[in-house]
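J.: Note that the protein sequences, when read in sequence, are chains C and P. Numbers 11 to 385, taken from our numbering, label the letters of the first sequence in order. Numbers 118 to 517, taken from our numbering, label the letters of the second sequence in order.
Any given hint might turn out to be false.
Once the Cα atoms are required to be at most 20 Å apart in a straight line, the calculated EDC-like pairs of lysine to aspartate or glutamate come out as [claimed, not checked]: (1) Lys-407/P to Glu-220/C; (2) Lys-455/P to Glu-427/P; (3) Lys-456/P to Asp-271/C; (4) Lys-407/P to Glu-300/C; (5) Lys-408/P to Glu-73/C; (6) Lys-93/C to Glu-473/P; (7) Lys-381/P to Asp-268/C.
By construction, these hints were calculated from the structure, which means they are not laboratory data. Source: prediction; values computed, not measured.
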Amino acid sequence: MAINMGSVMGIIFANMHDNTISEITKSRTMGSVLFGGRYRLIDFPLSNMANSGVSEVAVITKENYQSLLDHLGSAREWDLARKKGGLHILPPFGNVEAGLYRGRLEALYGGISFLKASRTEYVILSDCDIIATINYKPIVNAHVESGADITMVTNTGVYTSDVVSTSTVVTADEAGRVKGVLHKPAISGECTISLNMFVMKKSFLIELLEDGIARGHYSFERDVLQAKVDELNIRTYEFNEYFSKIYSMQSFFKANIDLIDPENSRKLYNPRRPIYTKVRDNAPSKYDLECVVKNSLIADGCIIEGEVENSVLFRGVKIGKGAKVKNAILMQDTVIEPNAVVTNIITDKDVTIGENRLISSSEVHPLYIGKGASI
Amino acid sequence: MFNKKECVAMLLAGGQGSRLYALTQSVAKPAVPFGAKYRIIDFPLSNCINSGIDTVGVLTQYQPLVLNEYIGNGQPWDLDRMSGGVHVLPPYQKASGSDWYSGTANAIYQNISFMDRYDPEYVIILSGDHIYKMDYDKMLTYHKQQDAACTIAVIDVPLEEASRFGIMFAHDDGEIYDFVEKPKEPKTTLASMGIYIFTYSKLKEYLIANENDKDATKDFGNNIIPALLANNERVYAYRFDGYWKDVGTIDSLWEANMDLINPKIPIDLYDPSWKIYSRNPVMPPQSIGKKANVQNSVVTEGCYIDGNVEFSMISNGVTIEEGALVLDSILMPGCVIKKGAKIEYAIVGENSVVEEGAQVGSRPENVENRDEWGIAVVGHNLTVSSGSYVKPKQIISESV
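Using the sequences and the accompanying hints, generate a full structural model.
T.: Listed below in structure tokens is the structure:
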């Protein structure tokens, strides 16, 4: 029997994996990292939940969440400004004794009264490190049908050690029952990695939390998945559609650049399951008389007078006359002044690259220029 | 009870816009796409909120479906208010019968009860077919200074165009002493912009009198303004010197779009202090391909472009395939221009498809007889099949 998605609550961890791109998350949460020309990472899990029919979502924050609050507002853009349910922000529930939470269990425990008060029956947990369009409905249905205690969304593929060493890796039998769990192992090759999305019964989660906190546990991966792999029925749900995972500066750069290829962007962006984001009311982008733009992703509000190749321009970026931009990710309101040349760089919001400047880096290690810098 | 509002706006959006032919067969003129990501009505609505007017009645009659859906609760323009906000006002059935809106004045007359609820001092009458940025609050201040019954916004137009407008005769102090609707031989160049501020008590008085006059056509230009002048009411001209364009015809709609591309035309949509708001289509950024060549154009989100685009306005969700050519044209939302198709001096309506090798429009220099040249138009949701040619000036409302 299909589950009514109105009985499912979404929980998004906005701060998990902050440390993987620490430069960009210096003054913001992972969830509010800018991505793909006009989005923030949290737009993906939030839109996926909204499009799957989830109407109550809690966002758990830890630090630096001002930009996140500003982005989410009343959550109207995700159609989550509701009388019943809707979006709830759960700021850190630290106290003198406990300090800020150390892991997923403590983070969730901070919001336990909210969990208990909700009338929903199931929960979907998601981080903000996976960029994908996912329908959660079949995942919740598979979870209910299989009778699992926990269903984790996974992908099996050939992965390099830099991905695996930042992931939870599982081994499962043919039926999808998890038999072994490794947390951030130093291996590579074919393996099944967790996409950091989990489905379970809300009452089961509350039990896990109360039991775990009483024992001083705080890590969901180590103290639940790993420690209880035999005792619990943990199952995988293989997700085989297009996705990218942010686990380092290079992967962030690549995930953006990959979307320039229309083949990839058409896989990610499904017009029936749009990815919502905060509306900024920019005018459309203007291409000038002498501009040359090839193989790039351009958001609204840009004014392009120079050359742009193989790059992602966020909203409100200006490229001056004679400027050359190649392999670059230019976040909101970046200004490349006339005749400046930039290659392999990531600029954060409000960066200005002065006239005639030449900034170049290698493709493997793109140079990151912090928010508001003027060079 | 409703909060009192100093000024309420009434936006006339019921016109059929029959001179836009195929583009207004299924949508009212104010809902016609404009400037890549806007619809015409975004301009007066944004002007209202930017001028501090938060109560707007939108009078609809012709093909209201798209327009109603577009306006919705008014949230994109910040017009979703507890008190006031935007209200769509179609004609409705009353105890003593029901009437369609039979003229601009009649439309406002039928909504006196709407205006009364806010007990306004002033009412501003706007129309939904002009592209401009204007601070109505400045005009209201002028209206108060002149202690006028009615203030009419006017703009200087070239003498040769003056016969298309309502032409004012004003003293040096701005007081209007005569008015001629669309004169054959215009004597001045002060054209009415179709924007009126009335002191509400006067407006009500004249609307009721007009309604009781069996011979009246129930129109502001033909009846209300002449009646005010005949009774020596204080009617003033408010001069506006910014960009203003009527987009009631195919040619003017095309020109106004092209004006947004022309850096010499003074309408700045990038000014953060006077944003033009619109309902966001929720689409990914525009994707410019390896083979693409885009210059001198305006493009918005959701487009996939791999062809050649110059001097054109490309709306959301448009696809232009490799080798396709789009010159001096307007592509409305969701159009698909397939490989090798050629679009020149044309307007292609929403969700229409131009198949491989088809051609729409042509450059003026390619046409021998200049009288036969004009903007080619493909209506909404049509297909121009391979090998077809939509000639310049041709307007199609069925697939070819």
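J.: Identify every previously stated hint that the structure contradicts and give their numbers, smallest first.
T.: Hints 1, 5, 6 and 7 are the ones this structure does not satisfy, whereas the remaining hints hold.
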